[in-house]
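Asker: Here is how the chains run, residue by residue.
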Amino acid sequence: MFSFIANFIVTKILHLNLETRLGESIHFFIYDTLKIIFLLSVMIFIISFIRSFFPPEKVKKILSRYHNFWAHLLATLLGVLSPFCSCSTVPLFIGFVEAGIPLGVTFSFLITSPIVNEIALGFLFITFGWKVALVYTTAGIIIGLIGGIIIQRLNLVHLVEEYVFQINRRGSAKIEVLDFKDRLIYARENVKDIVRRVWIFIVIGISIGAVIHGYVPSDFLVKYAGPGNPLAVFVAVLFAVPLYSNAVGTIPVVEVLINKGVGVGTALAFLMGVVALSLPEMILLKQVIKTKLIAIFVGITTTAIILVGYLFNIIL
Amino acid sequence: MIIKILGGGCKNCERLAQNTEEAVKDLNLDAEIVKVESFKEIATYGVMKTPALVVDEEVVVSGRVPGKEEIKKMLK
Chain L
1 MFSFIANFIV TKILHLNLET RLGESIHFFI YDTLKIIFLL SVMIFIISFI RSFFPPEKVK
61 KILSRYHNFW AHLLATLLGV LSPFCSCSTV PLFIGFVEAG IPLGVTFSFL ITSPIVNEIA
121 LGFLFITFGW KVALVYTTAG IIIGLIGGII IQRLNLVHLV EEYVFQINRR GSAKIEVLDF
181 KDRLIYAREN VKDIVRRVWI FIVIGISIGA VIHGYVPSDF LVKYAGPGNP LAVFVAVLFA
241 VPLYSNAVGT IPVVEVLINK GVGVGTALAF LMGVVALSLP EMILLKQVIK TKLIAIFVGI
301 TTTAIILVGY LFNIIL
Chain A
1 MIIKILGGGC KNCERLAQNT EEAVKDLNLD AEIVKVESFK EIATYGVMKT PALVVDEEVV
61 VSGRVPGKEE IKKMLK
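Chains L and A, in that order, give the protein sequences.
When we follow the numbering used here, the leftmost residue of the first sequence carries the number 1, and every step to the right adds one.
When we follow the numbering used here, the leftmost residue of the second sequence carries the number 1, and every step to the right adds one.
Be aware that a few hints might be false.
What the hints assert, rightly or not - Straight line, CA to CA, 25 Å or less: simulated DMTMM-like cross-link-like pairs of lysine to aspartate or glutamate:
#1 K76/A - D56/A
#2 K192/L - E70/A
#3 K73/A - D193/L
In short, the hints are calculated from the structure, not lab data.
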């Protein structure tokens, strides 16, 4: 249906030939934009509804009762299920540490949560199908486990700002009880909020993808970033980490790159690099943990993503 | 009545502040609206997801942006 609308606009309104590069690019642009915004809204709605069952206060209560490996695993699973907004990183961190949740377990949550966010998952599902979405989720969990466990073993509690342990609490914020209708409203508001925030990124991402789609010859990327090049993952991730974008802007580009021959593992690792670590988040974290720990966190996460990228190139 | 908006300064916090100001204006309340951006202070309310709305030291909403009408209902 979206293809029909795109065809109509390109041929009847713009009077362009679909066989030309320009025609093909514009068709791709319109088709992809419509398809993505629609499907994304549906996915976000469903995922938000599920996530309304896992507010951070509840997560904190659950996690504070477990220890060692299972706590890490649980933290990553809850990271997948609970909604994450990067501005909540600091209050969340403080809340977890205060509740006695070990530093490494908190990091397992903080690593997996931004990677496996509803936008990325929804988008991956739409673009690549459930298998890739599942693989991506598993990767996010593994990276969270590795990162969190290593940080735990390194015993870095002294690198957390002292005031985090000295907070005099006025009392717990009560966990809001939502009924079915509330959850629908929450899901709907989340869709509105997210689409409002990211539609411009979708357009930009698709524009870049459309240009690549129509103008970059297929062999070019295979030579430099295809599965045959051993350095591909390493370079892709290093390039990705400092980039600040969200999943929405990145996935259309990733899709086109894969179609042009970039290895799937490389492309997913690139996506994770962009999404998992961002400069604004690091700046926020500076308020609660010392720079050394931030550096360790970035280093371990980056390395884990690179390793997972190579792994997926092999098995996918 | 002292109303506090807890948040680090992201878009949602701004929207909550705006909705709250409009709600207070509509109800003609004698209320002081304070923006709390220091995480140190935000943490004392046990809030884990910003933005949050605090009325007379009680956390009434946390983790989402309620609309003006909902805030008006809560303030009454």
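Asker: If a hint holds in the structure, say so; if it doesn't, say that too.
Answerer: Each hint, compared with the structure:
1. K76/A - D56/A: holds (13 Å)
2. K192/L - E70/A: At roughly 17 Å apart (the allowed maximum being 25 Å), E70/A and K192/L satisfy the hint.
3. K73/A - D193/L: holds (22 Å)
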